[in-house]
Amino acid sequence: MAGTAYWLVKLRNLFAVVMLSGIYSLIAAVLYVVMDAVDVAFTEAAVGAGISTVLMLGTLALTTDQEKVHKKPPVLALVLVLATGGVLVYGTFDMPRYGDINAPIHQHVANRYIEKSGAEVGPPNIVTSILASYRGYDTLGETAVVFTAAIGVLVIIGRSKGGVMPGSTAARRRRKDKDRAPDQPSTASSDLDEEASS
Amino acid sequence: MFDLATIKDLLGLVNYWVVIVLMMAGFYTVIAQHNLIKKVVGLNIFQVSVFVFYISMGKVSGGSAPILKDGIETYSNPLPHVLILTAIVVGVATTSLALALVVRIHHSYDTIEEDEIQTIEHGEEDIA
Chain A
303 MAGTAYWLVK
313 LRNLFAVVML
323 SGIYSLIAAV
333 LYVVMDAVDV
343 AFTEAAVGAG
353 ISTVLMLGTL
363 ALTTDQEKVH
373 KKPPVLALVL
383 VLATGGVLVY
393 GTFDMPRYGD
403 INAPIHQHVA
413 NRYIEKSGAE
423 VGPPNIVTSI
433 LASYRGYDTL
443 GETAVVFTAA
453 IGVLVIIGRS
463 KGGVMPGSTA
473 ARRRRKDKDR
483 APDQPSTASS
493 DLDEEASS
Chain B
6 MFDLATIKDL
16 LGLVNYWVVI
26 VLMMAGFYTV
36 IAQHNLIKKV
46 VGLNIFQVSV
56 FVFYISMGKV
66 SGGSAPILKD
76 GIETYSNPLP
86 HVLILTAIVV
96 GVATTSLALA
106 LVVRIHHSYD
116 TIEEDEIQTI
126 EHGEEDIA
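So the sequence lines, in the order shown, correspond to chains A and B.
Numbering of the first sequence is given in my numbering, commencing with residue 303 and proceeding in unit increments.
Numbering of the second sequence is given in my numbering, commencing with residue 6 and proceeding in unit increments.
Just so you know, the hints here were simulated from the structure itself, not pulled from any lab data.
These numbers come from a predicted model, not from an experiment.
Note that the Cβ used here is the ideal one computed from N, Cα and C, for glycine as well.
Any given hint could be a false lead.
Residues from chain B that keep clear of chain A, each with C-beta distances beyond 10 Å, as calculated [unchecked claim]:
no., residue
1, Asp8
2, Ile12
3, Leu27
4, Thr34
5, Asn40
6, Pro85
7, Ala105
Facing chain A, a subset of chain B residues (Cβ under 10 Å, in silico) [stated by the list, open to error]:
no., residue
8, Leu9
9, Met28
10, Gln38
11, Val53
12, Ile72
13, Gly76
14, Ile93
15, Val94
16, Leu104
17, His112
18, Glu118
19, His127
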């Protein structure tokens, strides 16, 4: 998994990066199965590896699939990341060990859910009981978030009446004028062509 | 210096270290890369590392998946699973929003490289 992450950072071909991020999600799903979270694994494989990858491929189709090379190595970022990682590793020494049944996380409501959800809610799958019943408001909020995101996407890239994204032509024409300025002056007719083509 | 008990004790922390390595890979991608799609992928790496963190905390040694069945005494903690189920879906929603912004930026600037966008922006300011 760490290897996948390494190549994700390293590769410049964005198509390969997107494919790798799908693989990364699938490996994460396997990891969830190993750690007993079968429902999460299902969701990660379907949503994380499936829908995310499709969305990213769509974005690549609309933009570009090659990253440009940068010469300056980001030393400051590397130092910052290593420092943060070091502090976090130091912080883990006080954490409960993996699989410890006496960890604080297992001392609160979880036991009650495990003991009573069968009688109180019904489904044998405890995750379903919690998701739909005990923490139903979470799921309601989640739906609200997804709805808001959908509206946001429509507002950002939805097409207006003229068939172009709102407010975009002005910026594009200004830039094209600037690029063209040295040898050939921009004319009204070429502006019209651009608008038609975009 | 390192006896067997200490090493065994430290092995119980390996799951956190894996999470931290992944998290830092994502963090590095977000702050150091110039390509906007790469940044979104970095956010995803970061996100998945947090998911793994939660799920690994919910694991109980010898426990089984939290589906009620006769004869099984120990279950892993179902609560983190529920939280992460919600988080995965929300994560995809935010990812799609970010990608929409990338498409929109590409439409306006014809590039998805952060530094090029900044050059264009400053160039326009100079003209104005």
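So, going through the hints one by one against the coordinates:
Every CB of chain A lies more than 10 Å from the CB of aspartate 8 (chain B), the least distance being 16 Å, so the non-interface label holds. With a closest Cβ-Cβ approach of about 12 Å to chain A, isoleucine 12 (chain B) is found to remain outside the 10 Å limit, as its non-interface label requires. Remark: the non-interface label on leucine 27 (chain B) conflicts with the geometry, its nearest Cβ contact in chain A lying 5 Å away (cut-off 10 Å). Under the 10 Å C-beta cut-off, the non-interface status given to threonine 34 (chain B) relative to chain A is violated; the minimum distance is some 5 Å.
Look at asparagine 40 (chain B): its CB is around 4 Å from the nearest CB on chain A, not clear of 10 Å, so calling it non-interface is violated. Not every CB of chain A lies more than 10 Å from the CB of proline 85 (chain B), the least distance being 7 Å, so the non-interface label is violated. Its closest Cβ contact with chain A, about 4 Å, brings alanine 105 (chain B) to no more than 10 Å, contrary to its assignment away from the interface. Evaluation of the leucine 9 (chain B) hint against chain A yields a violated restraint, the C-beta minimum of about 15 Å exceeding 10 Å.
Hint status for methionine 28 (chain B) relative to chain A: holds, with the closest Cβ pair at about 7 Å, below 10 Å. Given the 10 Å rule on beta carbons, the hint for glutamine 38 (chain B) holds: about 8 Å separates it from the nearest Cβ of chain A. This hint holds: valine 53 (chain B) has a C-beta 5 Å from the nearest C-beta of chain A, less than the 10 Å allowed. For the restraint placing isoleucine 72 (chain B) at the interface with chain A, the shortest Cβ-Cβ distance is roughly 5 Å, inside the 10 Å limit, so the hint holds.
At its closest, the beta carbon of glycine 76 (chain B) sits 13 Å from a beta carbon of chain A; the interface hint therefore is violated under the 10 Å criterion. Because the beta carbon of isoleucine 93 (chain B) sits about 5 Å from the nearest beta carbon in chain A, less than 10 Å, this interface hint is met. Below 10 Å, beta-carbon pairs count as interface contacts, and valine 94 (chain B) has one with chain A at about 6 Å; its hint therefore holds. For leucine 104 (chain B), the suggested interface contact is upheld, since its CB lies about 4 Å from the closest CB of chain A, less than 10 Å.
Residue-level restraint check for histidine 112 (chain B) holds (minimum Cβ-Cβ distance to chain A is 5 Å; threshold 10 Å). Contact between glutamate 118 (chain B) and chain A, as hinted, is supported at the beta carbon level, the nearest pair being about 5 Å apart and thus within 10 Å. For histidine 127 (chain B), the shortest C-beta to C-beta distance to chain A is roughly 12 Å, which exceeds 10 Å, and the interface hint is violated.
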